[in-house]
Every structure is written in structure tokens, then in C-alpha cells.
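Trainee: As a plain string of letters, each chain reads:
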Amino acid sequence: MTLSATLKKRLKYFDLELSFTCPTGRMMVMIGPSGGGKTTIIRMLAGLAKPDDGRIIFGDEVWFDAGRCIHIPPQKRRLGYVFQDYTLFPNLNLYDNAAFAAVDKKEVDVLFELFKIDHLKKRRPHMVSGGERQRCAICQALARHPRLLLLDEPFSALDVITRRGLREELKNLKGKLSCPVIYVTHDINEALFLADEILPVVDGKNDDGWLQRTITREPGSQAVSRGAREPRLSLVY
Amino acid sequence: MTLSATLKKRLKYFDLELSFTCPTGRMMVMIGPSGGGKTTIIRMLAGLAKPDDGRIIFGDEVWFDAGRCIHIPPQKRRLGYVFQDYTLFPNLNLYDNAAFAAVDKKEVDVLFELFKIDHLKKRRPHMVSGGERQRCAICQALARHPRLLLLDEPFSALDVITRRGLREELKNLKGKLSCPVIYVTHDINEALFLADEILPVVDGKNDDGWLQRTITREPGSQAVSRGAREPRLSLVY
Amino acid sequence: MDYLALYVTIKLALVTTAVLMVIAAPIAYILAYKHFPGKSFVEALIYLPMALPPTVIGFYLIILMGPRGWAGGIWESLTGGSLLFTFLGITIASIIYSIPFAVQPMKAAFQKIDRRLLDAAYILGLSKRAAFLRVIIPNSVSGIAASAVLVFLHSIGAFGVLLMVGGSIPGQTKVASIAIYEAVEMMDYSAAGFLALGFIPISYAFLLLVNRLNEDSRT
Amino acid sequence: MDYLALYVTIKLALVTTAVLMVIAAPIAYILAYKHFPGKSFVEALIYLPMALPPTVIGFYLIILMGPRGWAGGIWESLTGGSLLFTFLGITIASIIYSIPFAVQPMKAAFQKIDRRLLDAAYILGLSKRAAFLRVIIPNSVSGIAASAVLVFLHSIGAFGVLLMVGGSIPGQTKVASIAIYEAVEMMDYSAAGFLALGFIPISYAFLLLVNRLNEDSRT
Amino acid sequence: EKISVAVAANFISAFKEIAADFEEKTGVKVEATFSSTGNLYNQIKNGAPYDLFLSADLERPDILLKEGWTEGSFVYARGKVILWSADKKFCRAVTWHEALKTGKIKKIAIANPLTAPYGAAAKEALIKSKLWDNLQDKMVIAQSIAQSFQYASTASVDAGFCALSASVNPEGLKGCFYALPEAPDVVQAACVAKNAKNKQGAELFAGYLLSEHALKIKQKYGYR
Ligand SMILES: Nc1ncnc2c1ncn2[C@@H]1O[C@H](COP(=O)(O)OP(=O)(O)OP(=O)(O)O)[C@@H](O)[C@H]1O
Ligand SMILES: Nc1ncnc2c1ncn2[C@@H]1O[C@H](COP(=O)(O)OP(=O)(O)OP(=O)(O)O)[C@@H](O)[C@H]1O
Ligand SMILES: [Mg+2]
Ligand SMILES: [Mg+2]
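Chains as they are written, first to last, in the working numbering: chain A, 1 to 237; chain B, 1 to 237; chain C, 1 to 219; chain D, 1 to 219; chain E, 1 to 224.
Because the hints were derived from the structure by calculation, they are not lab data. Hints are not guaranteed to be accurate.
[What the hints assert, rightly or not] Each computed EDC-like pair below joins lysine to aspartate or glutamate, with the alpha-carbon atoms no more than 20 Å apart:
{"id": "1", "chain 1": "B", "residue 1": "Lys116", "chain 2": "A", "residue 2": "Asp203"}
{"id": "2", "chain 1": "C", "residue 1": "Lys39", "chain 2": "D", "residue 2": "Glu76"}
{"id": "3", "chain 1": "B", "residue 1": "Lys76", "chain 2": "D", "residue 2": "Glu76"}
{"id": "4", "chain 1": "E", "residue 1": "Lys106", "chain 2": "D", "residue 2": "Glu76"}
{"id": "5", "chain 1": "E", "residue 1": "Lys220", "chain 2": "C", "residue 2": "Asp188"}
{"id": "6", "chain 1": "B", "residue 1": "Lys122", "chain 2": "D", "residue 2": "Asp119"}
{"id": "7", "chain 1": "A", "residue 1": "Lys121", "chain 2": "B", "residue 2": "Asp203"}
{"id": "8", "chain 1": "C", "residue 1": "Lys39", "chain 2": "D", "residue 2": "Glu215"}
{"id": "9", "chain 1": "E", "residue 1": "Lys138", "chain 2": "D", "residue 2": "Glu76"}
{"id": "10", "chain 1": "E", "residue 1": "Lys45", "chain 2": "C", "residue 2": "Glu76"}
{"id": "11", "chain 1": "B", "residue 1": "Lys12", "chain 2": "A", "residue 2": "Asp196"}
{"id": "12", "chain 1": "B", "residue 1": "Lys12", "chain 2": "A", "residue 2": "Asp15"}
{"id": "13", "chain 1": "B", "residue 1": "Lys121", "chain 2": "D", "residue 2": "Asp216"}
{"id": "14", "chain 1": "C", "residue 1": "Lys34", "chain 2": "D", "residue 2": "Glu215"}
{"id": "15", "chain 1": "A", "residue 1": "Lys116", "chain 2": "B", "residue 2": "Glu61"}
{"id": "16", "chain 1": "C", "residue 1": "Lys34", "chain 2": "D", "residue 2": "Glu76"}
{"id": "17", "chain 1": "A", "residue 1": "Lys122", "chain 2": "C", "residue 2": "Glu215"}
{"id": "18", "chain 1": "B", "residue 1": "Lys50", "chain 2": "D", "residue 2": "Glu76"}
{"id": "19", "chain 1": "A", "residue 1": "Lys12", "chain 2": "B", "residue 2": "Asp203"}
{"id": "20", "chain 1": "A", "residue 1": "Lys76", "chain 2": "C", "residue 2": "Asp119"}
{"id": "21", "chain 1": "D", "residue 1": "Lys39", "chain 2": "C", "residue 2": "Glu215"}
{"id": "22", "chain 1": "B", "residue 1": "Lys116", "chain 2": "A", "residue 2": "Asp15"}
{"id": "23", "chain 1": "A", "residue 1": "Lys121", "chain 2": "C", "residue 2": "Asp216"}
{"id": "24", "chain 1": "A", "residue 1": "Lys50", "chain 2": "C", "residue 2": "Glu76"}
{"id": "25", "chain 1": "B", "residue 1": "Lys50", "chain 2": "B", "residue 2": "Glu61"}
{"id": "26", "chain 1": "D", "residue 1": "Lys34", "chain 2": "C", "residue 2": "Asp216"}
{"id": "27", "chain 1": "D", "residue 1": "Lys34", "chain 2": "C", "residue 2": "Glu76"}
{"id": "28", "chain 1": "B", "residue 1": "Lys121", "chain 2": "A", "residue 2": "Asp118"}
{"id": "29", "chain 1": "E", "residue 1": "Lys16", "chain 2": "C", "residue 2": "Asp188"}
{"id": "30", "chain 1": "A", "residue 1": "Lys122", "chain 2": "C", "residue 2": "Asp119"}
{"id": "31", "chain 1": "E", "residue 1": "Lys174", "chain 2": "C", "residue 2": "Asp188"}
{"id": "32", "chain 1": "A", "residue 1": "Lys12", "chain 2": "B", "residue 2": "Asp118"}
{"id": "33", "chain 1": "E", "residue 1": "Lys104", "chain 2": "D", "residue 2": "Glu76"}
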């Protein structure tokens, strides 16, 4: 199964316009400045927002086609989506949240162990820390055996070590999942570590130079003037 | 004004127990594993949660004293607090959110410009991206001229460049604010860049070795076995 | 004290509440989420039983449920019995009379549901129906509790409508409010007062129950 | 058609709704957030006007507002006039009669407020009062709208209570529901029907207004 | 075996006692519905299965006769309207006219003359005494004769036109009253349904209503 999308959407301050493909078992990492349209893209892939124009094709299914007025609702796309603000159902405890749409409830236990929250099964979301909530949201998405996995900054609330551990787990999982994975992050190390492909999104467009400019502090990029004052740390973490 | 706190609280899986001081104009950065108690500490400083035992003293005011049954409510502590999940009032637009408790509304415009969200003034929180919401929450906290600033992962939803820029702004602001700042982050670079002092919190205790172990991958730390497989990137970003 | 009348009252209120919770939920859902032309008008019609004086509702219900009205006619041709002056008859009247109180607070609660929860439910593959049952309903407990309280107490106090369609058959349609009316008409004010006092423990007990359920759902 | 009666009805319903929104908000707040011994009991008492048959409420209101009752007595010693059989009198009756419908949906809405919003408000230095006015109220609009709809329509349809304390004085206390009742008793069914039809546009207009306000607050 | 009877609300007290006696004597169970005459008439018109209707006026049974619901009506009670007050000082005047004319009287309750037969009777007495127009702005309209008594007994009004039956119950004894010689009797008629389910029982009860024994009970409650 390959996901391929051509998306156009008029936003208030810029027009989103880009296309990409992502085959099964591969992970595409989206990265780019805040407000650049990453979440909007993910929402369109999920079917929660409609592009103004373009097409989304998954394998041999057409999920969206502006020309032919096709729009498959999110229910029928069978995806896993970890929201940026890691929405969980406040009325359910963590276990029930993860088991909510699980294909096999027994897997939930395995996932909870993997993500180190098995001691929190019976807690309600407001009774755990931000990072714990986020990990539960990932378990929820994985437990339903998605055909496409969308992760919008899934590790943003995690500390370095936990993050690194989970990042590895995710990389291992990716092979077993056999579905395309789209991953949004702010962490360039993470992007480089995880990505089979990197899609830098700047003001709604694919801007291949952005990553390079950011990393190498190319003259003219914002990074230079500001970064110069910064101590040069070379932590390999 | 100096903040000094001795806190004890029984949590389900460990006991929180630590003490620290933080004088005006200084920034203390809390860092540590997810679920380690950082947010809980901040909530106690804010007055939203009560320690089981201990004292919180700000300058010559006693904010909390378990022995003398003193508990000053959050209203009277006059603080700025950026929540981890950047709570904004959903019924107000970004500008009104930031001006909600501003000492001088004119400053809000300045802050919005500084944080690069002045074009979004009239939007409601659910109409902007995660990072934009987070920046607005920081403006809201700063606009009220707090006596103590508590920032719980304020930049977690921001891309690298924006983050680096704001980090600098914050460092500059710190001098002008003349109040103690407590900052929670997962980003060690950020911690090293911003901190006048670093407080690693592991399982509710101050664990000075944690930072060292994480950075240098001391044998025995989780970081080693996992990190070894990781490509050694030395990005100075 | 007319215990039989109190018993009929409680039975009527419980049945009304149970039935209305089931009927009102989908109506409230449609009013909260769907858009269609004339929606406000439909909504106004649903709320009409509240705006109309009970005697007017009773007046039209008699016409409807009488043997010459279509509801009464159908019922009679099916069962051979009359719909008026039966427990079923006053239950129907009481349900119609209380519909608005069931619908309005539920609608308000459904409207307050965080849209992101619904997004999450759809992503997880839930149909609209399943999302309604598994996400909207459990997260609207306090609104549903409000509905239940209003409907239950309102049916307990129902009088005008039941006077019109009920007759006053002991054990069947003679509810406490009618017994009070009769006592007042007989100028037996102390009997009326006693019976009225009986309402306090009933509403107190019901409130305790609903508050308990409401709180359970939030811890 | 008895336009004067319709006019009195609308006036009464508007005044009742306006006054009750102000009175009910703090009561609902206390019920939603405070804990004190006997709270459920107090709550049951507040809801009692709904559970009691309107004629019973009317009967006790007569006693209370009559010249020998304490409310009526105080009023008479202050103004020299009677409280019963005046517009003020039926307004008070209508307010008491509708209190539960104002309080219950507001309470449910207040309970649903995200606690984090209140935390944020306190951090920003708001007193409980200010947080109530600036955070709880604006974020409970749909619940408050539910209250307003219920109260307005319920006052429009009020009959039993007003029948007791009103005295059917044209232009003062003769509301449309009473006019309808009189028409039915006089067997003038078409006049009753016409007057009843008058309720549809009124409730429709009010609903449109509330829905408009409600929607404005959410965009 | 049972009969179902629709009874005008003003007759409740007497009716309950008569019905209890009747049940004891005949073993026929009496199921009664009490409401205003207008309401009961409306129920009957829409097919309510009453065997017997005890109206508060002559008019409704007449109409039912014309509509073919019944084959004939009979008078079962005659009521009297009185002027009652909770304040015993009210009755110090010689006639009820004078009592009403004193300046202290601010409010008088009357049952709606358009709908309640007792109200109509009171109105007739007032017109005959040339008091009707003068008292207009003191009038409070009650919807039934029982309500008029409620107003009077709670002192919400200074005096009220009530049924004689009110004066004989415990609450009524606490006050005082004038008879109104000018007022006509309120004639209450009853009729048996043509298609009554238990026509025999209904006719039996109709007969019992007019018996000596029932008459005593009616008198006890202020009817003739
Ligand atoms: N619901 C919405 N309606 C209208 N505009 C929106 C909405 N949500 C976001 N926007 C705007 O669309 C643009 C793209 O937002 P988006 O959330 O996709 O950014 P993002 O790349 O995910 O940013 P971040 O890294 O901060 O989460 C921004 O300018 C934002 O203000
Ligand atoms: N409201 C609560 N009630 C009870 N326990 C809680 C509550 N919130 C968090 N906890 C638990 O307390 C511990 C500390 O949580 P806290 O939120 O302080 O962690 P944190 O260091 O902020 O983590 P993160 O980096 O993931 O945000 C965790 O074990 C968590 O499950
Ligand atoms: Mg985003
Ligand atoms: Mg935290």
C-alpha cells in the first residue's frame, strides 16, 4: 500500500500546496516552522479537513478527489492518529482508552509495557502526567492496527531518555506494522534518526532547502544572527 | 525576592521530596524523566496543589507552611504560569487571552510581535496551530508582570528555529523581568543554554547525577545500551 | 394520606423519565449537530408542550386519544380498549408534557462536547451512531442528569394535563396531584397539605440518586 | 383574539426570565462547586416548586403573599397595597415557579467547565467572583441558553399558579393561559384554539433569538 | 360491577359520602372523576366512557341531550350562593349590601360569572341590588367557586361569594356569612349516558341520588 497525496488548501496567511508519496513500511517525517501547516496536512490525510483541490490515494482506494467529489470519511480510512494535543477520552481510564478500538485487547497490555505505562492502567487521563498521556495516545493508535499511521509530535512531552527509548521502539515497530507512517516532529535529531524521507514544510510548501539552512546555519537564515550568541554545545544525545 | 521551597508529597508510585531556592533574575531549569514530578512541583509552587509537608517562602512572604497551616491561594501569589497543555480561554481570541490579566494592554502588542503571533490576534485558540497557542500562553503570563514565572515546557510545540529565537528572547527578558523563573524542559541543550541552575528531578527527588549520566552515557544508564545504536550526530542547533 | 396515589405518582414519574431519556437523546443530538432548513421551527414545535398551558395540551390530547382521535382510534381498533383514563394514557400524556425538559438540557450538554473527542472517535473508526453512544453520551452525564431531574420532578408535579386526560381512577390514574386537587376542592386543606409534604422526601430521594450517579461518573 | 392577555403573557415571561437568569446563576454556582452539609436537601427544596402541582404552590403563595402572610404583610405595611392580584404578584409567583428550570441546566453547565480553565483564571489573579463572571459564565453559554429557553417557555405556559394568585384582572394578571382556560370553560373552542396558536410564533421567535445568541458565542 | 361518574368539583364532599353509602348498600363500585363542568363536558364530547354526569349547571346536560349522549336529565341538587368572610367583624352589618359598602372592603372574590354557575348567581344578586357596577374595580375573578372560597378563607380578599356548602365545613365555620335572598338557586342537573357500559348501575345510582337518605347528606353539605 502506498499513500500518495496532492493537496491544495487556501489558508489565511499562505496557500498550502504540496504533494508526496509514502509507501508501506516507510516513515516520512514532516518538519518545519510552527504554523507552517503540518497539522493541517495530517488532518487532511485523516479526513478531518477537506483540501480545496487535489487527490489522496491509498493503494487502490481513492480517499479524496476534488474533481470527482470523492471524500471518504475518517471512519472508513482505518488510521491511527496521535493528535498534537494527545486527546484522550476523559471518561475512560488509560487502559480503556487504549482498548477503545483495539483489534485485540491483549495487545494493549503488551503496548502498555513497551511504553512503560502499565502501572497507570486504571488512571483517568487527568490523573497522569503529560508524557504519560501522550504515550497512552500512541498505544491507542497502534492497538487498532492502522493501515496508515499519523503521528503529530507524539513525543513532544517526553524527556530525553524516554524519548530516545520510544523512538527506538517505534523504529522497530515500523517494520512490523507494515503501513506507511507520517511523523511530525520539531527535533531534527529525531527526524534524521527515524526518517526514511524528510518533508520540510514551510508556509505550506515543500521547502527542501529548509533543513539544510537550519542545520548548517547558512548565511541569511534566521539561525545565524541568533545562533551566534548561543554556546556551541555538541551533545550527542 | 528569593523563592525557597521545601516540598514533600506522597504520590502513588514514589514520594516527592526535595528543596531548592531561586533568587530574582535567575532561572532554574527542571529536567528529568516523564512522570517524575516536575508538573506536580510547579503546581505546588503555584498554589494549585498542596504539599503534604514543607514550606514555600517568597521573599518575606510565607506562601505555604504545613506546620502553621498557611496556604496562600494562587490568586494572591501573582505569578505567571504557562501550563504544559497551554490552556487558553476558548471563548476569547488570542489578543483577549493575553490581555486577560495584563497590567498594561499596550504591552500585549509588543509581546505579540516579539513572539511573532501579531497577525493572529483575532483568532480563537482552536483556530491556530499548537505552537501559536503556546506562544500566546507565554504572552499571557508575561503581560501580567508576575513576581514569579513558572514555565512548564513552554516551547515543546515549537520548531527548532522559532524555539531558538524565543529561547534567546526569554534569556533577554529574564534580566528585565527581575523575578525568579522556573523552567521545565526536556531539551538538554535548552536547559544548558538557559539555566542559571539545573534541577534534575527523578522520581520526585533531586538527582544531580542524572544530567551527567544522560549526557555522558555513563555505563549502567539506560542511555548506553539504547544510544549506542543511534547515529552520532553533532548538530549544534 | 393517600398512599396509593403517591405510588401511582412515583410509578408514572419513573416510567416517564426512563422512556424520555431514550426518546430525547436522539432528538437532542439532531438539534445539537444537524443543520436542516426549518430546524428552528421544528425545535419550537418540540418545545411547545412547555409553552402551552397544561390545560391546552390536555385539551388536544383528549381529542387525539379519544376514540374519535386518530391515536385513540388506532389503539381501540388494535386492543379494543380506550386509551383515555388508563395508566398508559396518562403516561403518554406525561411524556409529551415533559419532552422539552428532557431535550433542552441534553442538547446543551451535547453542544458542549469537545469537538476533538469526536474527531478522535471518528478516527478510531466509530460510526456516528457509535460515537454518539460511546463518546457523546458518557461525556454528557451531567446534562443527562439535569434532564432526568427536570423530567422526573416535572412529572411528579404534573396536574393540569392529567386532570384532563386521566379521570381519577384509584390505583390507575389518580396521582397525588389530583388527590390534592380533590382535597382542596373539598376544602380539606390539611389533607392537601399532608399530601403535598409527601413530595419533599420523593424529590429529595431522587435528587440524591441522580447526584450520586453524576458524581460517580466524574471520579 | 385576546391581544391584551398575550401582551401580559409576554411581558411576564420576559421579566421572569431576566430576573431568574440573575438570581439562578449564583445558586447554580454554589450547587455546582460548594460542598456543605445538607446540600442535597437544600437542592431538593430549590427544586420543589417543580415537583409540586402548580395549584399547591399557588395555594401556599396565596397564604404567603396574602395580607396575613409575612411577605404580603411586609409589602402592605410598606406600600399600603396588596401583593396578590397585581402584576408584581404574578411575577413573583412565576419566578418561584420557574426557579428549578433556571438552576438545573446552569448547574450542569457549570459542572462541565474544564477545571484547567479555572486553574488558569486563579493563576491570573482572578477572585472566585471574577472567575465566575469572566470564565465560568462565558464558557457556559449553551447551558445558560438552555435555562433561558426553559424559563421563558415555562412562564409562558404557566397556568395553575397564576390562576391561584392572579385573579384574572385584564391587562394586569389575566394572561393568555387563563384566557384560554376561560374560553374552554365557556365552550368557545375556536377562541381557545386561536389563542393557543398564538403561542407558536412567540416560542418560535424566542428560540430563534436564543439560538442566535448561542451560536454567536461559539464562532 | 362498577359505574364511572363524572362529577362537578363543587359537589365532591357530598358526592363522596353518598357514593360510599351507595357502595355499601348495593355493592356497586363507584369510580368518580372530579373536575370543572366545562372540562368534563369536553371529555364526554371526546368519547370519555362515563356512565353518569353530575353537572354544576342545567346547560351542559341540555346540550348533551341535544347531542344525543343522554336521553334525559334530572336535577339532583340546588345550591345557594352566599357572601362569606374570614373576618367575623364583617357580619356586624345588618345586610350584605351594607357590609359591602363599608370603606374597609378592598377586594371581593367572585367565581367567573361566565363559566361558573355560582358566579352567575352572585352576579345576578349584585345586579338586582345595583351593586355590580360600583364594585367592578374591587372584584377578583376566581375560576371556580372553590377558588373563590380559597381567596376568602386565606383573607386574600375581604369577602367572597361562595357556595353555601362552604359555610358548613370546618374551614367555613371559622368565618361568617350572609345569605343572598336576591340570588337564584344554582340548579345542578345530572344525566345518564345513553350507551353507558353499566346503564343499570348508573340508573340505580341516579335514583339513589334522589332518595331520602341522599337528601340528608346533601343538606348536611348545604344543598337542597
Ligand atoms: N482550525 C483552523 N482554522 C483556521 N486556521 C487554522 C486552524 N488551525 C490552524 N490554522 C492556521 O493554519 C496555519 C497552519 O496551522 P497548522 O496547525 O497546520 O501548523 P503546524 O505546522 O502544525 O504548526 P505547529 O508546529 O505550531 O503545530 C497557521 O497559520 C494557523 O494559524
Ligand atoms: N492529578 C494527579 N493525581 C494523581 N497523580 C497524578 C496526577 N497528575 C500526575 N500524577 C502522577 O504523578 C506523577 C508525577 O506527575 P507529573 O505530572 O508531575 O510528572 P512530570 O514530571 O510533569 O511528567 P511529564 O514530563 O510527562 O509532564 C506521575 O506518576 C503521574 O502519573
Ligand atoms: Mg501542529
Ligand atoms: Mg509535566
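Trainee: Give a verdict on every hint.
Mentor: These are the hints, each one checked on the structure:
no. : hint                    : in the structure
1   : Lys116(B) <-> Asp203(A) : holds, 14 Å
2   : Lys39(C) <-> Glu76(D)   : violated, 48 Å
3   : Lys76(B) <-> Glu76(D)   : violated, 48 Å
4   : Lys106(E) <-> Glu76(D)  : holds, 13 Å
5   : Lys220(E) <-> Asp188(C) : holds, 16 Å
6   : Lys122(B) <-> Asp119(D) : violated, 24 Å
7   : Lys121(A) <-> Asp203(B) : holds, 19 Å
8   : Lys39(C) <-> Glu215(D)  : holds, 14 Å
9   : Lys138(E) <-> Glu76(D)  : holds, 17 Å
10  : Lys45(E) <-> Glu76(C)   : holds, 17 Å
11  : Lys12(B) <-> Asp196(A)  : violated, 40 Å
12  : Lys12(B) <-> Asp15(A)   : violated, 49 Å
13  : Lys121(B) <-> Asp216(D) : holds, 18 Å
14  : Lys34(C) <-> Glu215(D)  : holds, 14 Å
15  : Lys116(A) <-> Glu61(B)  : violated, 41 Å
16  : Lys34(C) <-> Glu76(D)   : violated, 53 Å
17  : Lys122(A) <-> Glu215(C) : holds, 18 Å
18  : Lys50(B) <-> Glu76(D)   : violated, 54 Å
19  : Lys12(A) <-> Asp203(B)  : violated, 45 Å
20  : Lys76(A) <-> Asp119(C)  : holds, 13 Å
21  : Lys39(D) <-> Glu215(C)  : holds, 14 Å
22  : Lys116(B) <-> Asp15(A)  : holds, 19 Å
23  : Lys121(A) <-> Asp216(C) : holds, 19 Å
24  : Lys50(A) <-> Glu76(C)   : violated, 54 Å
25  : Lys50(B) <-> Glu61(B)   : holds, 17 Å
26  : Lys34(D) <-> Asp216(C)  : holds, 17 Å
27  : Lys34(D) <-> Glu76(C)   : violated, 53 Å
28  : Lys121(B) <-> Asp118(A) : violated, 42 Å
29  : Lys16(E) <-> Asp188(C)  : holds, 13 Å
30  : Lys122(A) <-> Asp119(C) : violated, 24 Å
31  : Lys174(E) <-> Asp188(C) : holds, 13 Å
32  : Lys12(A) <-> Asp118(B)  : holds, 14 Å
33  : Lys104(E) <-> Glu76(D)  : holds, 14 Å
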